[in-house]
Every structure is written in C-alpha cells, then in structure tokens.
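*Asks:* Line by line, the protein sequences are chains A and B. Quick note on our numbering: the first sequence kicks off at 311 and runs consecutively. Quick note on our numbering: the second sequence kicks off at 311 and runs consecutively.
Check before you lean on any hint, since a few could be wrong.
[Stated by the list, open to error] Here are the simulated DSBU-like pairs of lysine-lysine, each with C-alpha atoms no more than 35 angstroms apart in a straight line:
| hint | chain 1 | residue 1 | chain 2 | residue 2 |
| --- | --- | --- | --- | --- |
| 1 | B | Lys538 | A | Lys453 |
| 2 | A | Lys422 | B | Lys411 |
| 3 | A | Lys547 | A | Lys592 |
| 4 | A | Lys453 | B | Lys422 |
| 5 | A | Lys538 | A | Lys592 |
| 6 | A | Lys538 | A | Lys573 |
| 7 | A | Lys573 | A | Lys422 |
| 8 | A | Lys543 | A | Lys573 |
| 9 | B | Lys411 | B | Lys586 |
Derived from the structure by calculation, the hints contain no laboratory data. Remember, it's a predicted structure, so these values are computed and weren't measured experimentally.
Protein chains: 2
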Amino acid sequence: MNEFELIARLSRGLPGNSTVVTGCGDDCAVLDFGHPENLFLFKTDAVVEGVHFTREMAPEKIGRKALARCLSDIAAMAGTPAAALITLGLPEDFNAGFIEKIYDGLNALARKHQVAVVGGETTANPGRIFISVAVLGTVARGKQVLRSGARPGDAIFVTGELGGSISEKHLEFEPRIAEAQWLARHFSIHAMADLSDGLAGDLRHILRSSGVGAEILTTALPVSRAAKLQARKNPAKSPVAAALTDGEDFELLFTVAGGDAVKLLDAWKKQFPKLKLSCIGKIAAGAGIVIRDKSGPHSLDAHGYLHFA
Amino acid sequence: MNEFELIARLSRGLPGNSTVVTGCGDDCAVLDFGHPENLFLFKTDAVVEGVHFTREMAPEKIGRKALARCLSDIAAMAGTPAAALITLGLPEDFNAGFIEKIYDGLNALARKHQVAVVGGETTANPGRIFISVAVLGTVARGKQVLRSGARPGDAIFVTGELGGSISEKHLEFEPRIAEAQWLARHFSIHAMADLSDGLAGDLRHILRSSGVGAEILTTALPVSRAAKLQARKNPAKSPVAAALTDGEDFELLFTVAGGDAVKLLDAWKKQFPKLKLSCIGKIAAGAGIVIRDKSGPHSLDAHGYLHFA
C-alpha cells in the first residue's frame, strides 16, 4: 500500500459530530459552532528537515514557509487566518539560534497577516527538525469556497505564474489571502483550491470533488521564468509540463461562471495590477483533464505526460 | 542552551491579536471570536516513535494516547473538545496496517468524547513515526480555568492516583473531561492543570503563574500501586518521590478556597464514586513547594529531592 492508498483508507469513516460542515478532503475543515456570523476553518500542515528543507537554507524562510503553507489553505477557502500553534520536533543536536530564526521568519509572516501565535509544543525528534503548524481561521457563514462547486461551462483561472517553484518561490511565496477574500466578496466563485501538488493534481481534486472534467489551453498557461530556465538545463521537462505538474506554486486555482470571466479579469487588473490572473481553460462535462495545444487535444496522465486524445 | 531555555526564548514576543484571551503558557490557548456563549480552546501535542512509544506497543494505544494528551489539556481548562486534525510523519518503511490501527485507537477515543476527526496531513519523516494532533474545543465564556488563579489558603486537590504511569497508565489514561466540567459547574475552581510533567512540575507551573507557594503533605499523596511496585524493584526512588515527579499521570490538579474543600469532597464522592479525589495540601503565600512529612518540612528541588527546610 502506498501513501495515497493509505490516506484514502484513513480518511474513510472518521468520527464526526454536529460541528462538521466540511471534514477531510478540502483545503481546510469547515466547522460550525453556532457563531452568528462566522464559520471556522481548521488546518494543519508540516515541513520536515531533509524532506521540505535543509539546514543549508535560511532558517527564517523555513519558518515562514511552515506557516505560509497553512495560510495558503485558509486563503483557498476565502477565509481569514486568526491563530496558529507550532509543534516542534527537535533533534538532539539542535542549534538554538537556528530554531530562533525559524520562529523569527514564522512570526514575521504571522504579524503581516495579523495571525496570533498562541503557543505549541516542543518534543524530541531524533535525527531531524519537524515543524507542524495548526491554524484556526474564520470565514463568513456560507462564503466558504469549496473544491466541489465547479460546473460545466465555468472558466478556470489561476493567479501568478506556474512551475519551477523549487528554485526559489517555494520558500518565498505569498499566501493569496487578500486576493481570495476579494474574489469571494465580489464574484460567485464556484470552486477554489491552492496549488500545492501542481496544477494538474490540484485541478483533478476540484474535478473529482465536483464531478466534472476540464479542458486546458497550453498557450494560456502562465509559465514562470523559473520553469523556462529549468527547461533549458533539463530539456526532458518542457516549461508547459513544469507549469502543469510542479508542486508548491501556492497560487489560487478557481472557477467562475463563463459569463463572469471578462468582468472578473477587468476588475482584477484594477484591484491587483501587479499580480497576473490567467484564464487557462474551462470546465466541461465528464471527467479528467484534456490539454489542448497547437496539435490538438491530448489527455494528461497522472505523470504529467500528454497523450493524443 | 537547553530545551527549556529555548522554549522560554521562543515564547517571548509572540505575535498576538484581538482574539487572544490566554496565549502561550497555559494548558490550552483561549481565543475569543465574539461567539455569544463560548470561548475557544486551541491545543497541539505530539507523540514520537522512540521518544513516546515504540513499534512493540499496541498501535491502537499509541493513537489513543496521541489524542488523549490533547483532550487532557482541554479538560484542564474545563472545556469540551470538538474537533481534531492529525499530522502524520511516516518513515519509508511504514507498515500500513500499523498506521491504520493507530487511527483505530485514536478514532475510538474521539467517538467516545464526540470529537470529530476532520482531516490532517501526511508527510515523510525518515526514520520514525511522528503523530501531531491539534484539537479545537470550547468553554463557556468566563468559565475557563487557568493556572494563574491559585490563592493563599486554597486547598490543593488531585484526582486519581499518582506515579508509575510508565508501566501502563500512560497508554490507557482517561482524560478527565466530564470531571473537570462538573467541577467548574459546581465550584469556584481557582486554578487547574493536568498532570503531564509530574505533580511537582505541574504544581510549580500553577505556583509561578499565580505568584504563590504550596505545602504538600506526603501522607495525603495518593500513591499508585504501580509506583509502589516500581519502588520495590528500584529502591532508589521512593513511592512518594514517584508520585511527586513521575510524568504522564494525566490527572487533574486544582485548587479551591479552603472553605469549599469539605463540601467538594462530599459532592465528588457522590458524583464520581469510582475515582479517588485527594486533598494533598494547601496554597501558601511565597513561592516554591514545601513537602511536609513525619520528620517535618522539606523543600523540594527541581530534581524531586527533598531537603530539610
């Protein structure tokens, strides 16, 4: 059994109760505590030494990333993060200055987004630093944006540029909190997710949750400069493949009714002139992702390879 | 710098915001989201293979313990746990059946206490299993019991029996949720904590937070059978020392006004006839812990050794 099969098994039959609006399977859990205005968003994530970072990286950026990943998930629900707890696993030979700088980076991002860091727990974790972050946030009742609302005919959008995050962006990305809130306030966003597993993977989550398919135009993909530079060094992966499959972009992926697309693009340019917004395709009936390039439509397999459809 | 000095440093100057009622330094963080009736309790904790458990232990009990530790902290605030998220670090050679049984044990305890398990995250953690649990709970506005409310003249109580938890109880303890809620509903509990670091350590947390001292009577300490059995094998640690310093008892430690003590004991016996409640001493002006035995008063040092006062 691999990790994904295990997760699927562990996700079945989890205990619930009357607070659960949306449990396992979206960017955050959504909980209803009878607050007159708000629902609550609950999320944990972890970064692990040797898996997500090394001691050669700037510790401030490691701490920043640990929190930013969770904030990106709160953004993906159109929510507002409020409080965070840090669980820190420390190896025997931990360097206190390094750990303090991890916290400095995390705290600086928390301050920027008015997130309170309200404690946590420290434990031994022989061999490596393990940083788990739990975040509690809020969203106005009924305004949470799930993965499950995409409909045939919807336009598909992504913020920013995609691919090549590993060179730099994965340590420096901005959680799109303000942008997501603005979107949910001014438009009827049908479905949204943040891009952590790569566009193709995260779009598949939306498609499966919504019971629909999608067609993506390669010419519309906002390929990052980093992805193009990497493709020069490693021609086996094209810039388009990088934009489709590289993880940790932490941009927003969302859908709106096709009729709203032009109005949304115009309003976005006025509101966020420095952040690119791209319409990359449309939601279709059916299932799976079709990629359309100059040579015609192709199906995209789980490894990011294109096949003639 | 050791771990405790590091934690003290990391705990200073953490980012706050207007939701924070009680941040770092109590059993849970207490947050105010403007809910008309409730405040929110937020807590994380972790258990790590080779530190808190081994693969030789029953996996159901490992999962149970991972959640129970957090529930014990919610109990220590007189709160009600509502939802949990699990962050799971997995080594390369993980045994899927073992992990599923960890979840079985965790889920069973969650069901018992009507806690929803609303997802989590899985990551690689080369070398060992790492289980971090985040719990969100509620407490009626103003009914949260902190560590900081102990006053001179208070009677000090503990539930259950103390010491020797390592033989068995650390994997099987019952979070005292119903008991703590009953206490807070019927009495004015001045201060409360759960016993995770050992009676002396956790009492010190209360004393420091409250700016008071305490006198404990050794004859009143409810020493567990496990602690007595261990003392026979290892005469270097007396049963009283075990009750004072062994970790992971996960009982409630609390104080009430001296005048409430007898009434509380009587009411407790009717309400919880199967669970021992012991008055072990009293809060005094000053600082630190004085232990009184047949030979007179002694001061207790940080290592659990007694010195003539």
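*Asks:* If a hint holds in the structure, say so; if it does not, say that too.
*Replies:* Hints, one by one, checked against the model:
Only pairs whose Cα atoms come within 35 angstroms are accepted, and Lys538/B paired with Lys453/A is rejected, the gap being roughly 58 angstroms. The hinted pair formed by Lys422/A and Lys411/B fails the criterion: a straight-line CA distance of about 41 angstroms is larger than 35 angstroms. A C-alpha spacing of about 25 angstroms is found between Lys547/A and Lys592/A, which places the hinted pair at or below 35 angstroms, so the restraint holds. Taken as a hint, the Lys453/A and Lys422/B pair is honoured in the structure, with Cα atoms around 32 angstroms apart against an allowance of 35 angstroms.
Taking the CA atoms of Lys538/A and Lys592/A, the gap is about 25 angstroms. The hint holds against a cut of 35 angstroms. Between Lys538/A and Lys573/A the alpha-carbon distance is near 31 angstroms, which keeps this suggested pair within the 35 angstroms criterion. The straight-line distance between the Cα atoms of Lys573/A and Lys422/A is roughly 30 angstroms, inside the 35 angstroms bound, and the hint therefore holds. About 39 angstroms separates the Cα atoms of Lys543/A and Lys573/A, which puts this hinted pair outside 35 angstroms; it is violated.
Only pairs whose Cα atoms come within 35 angstroms are accepted, and Lys411/B paired with Lys586/B is accepted, the gap being roughly 32 angstroms.
Violated hints for the displayed structure, listed by number in ascending order: 1, 2, 8.
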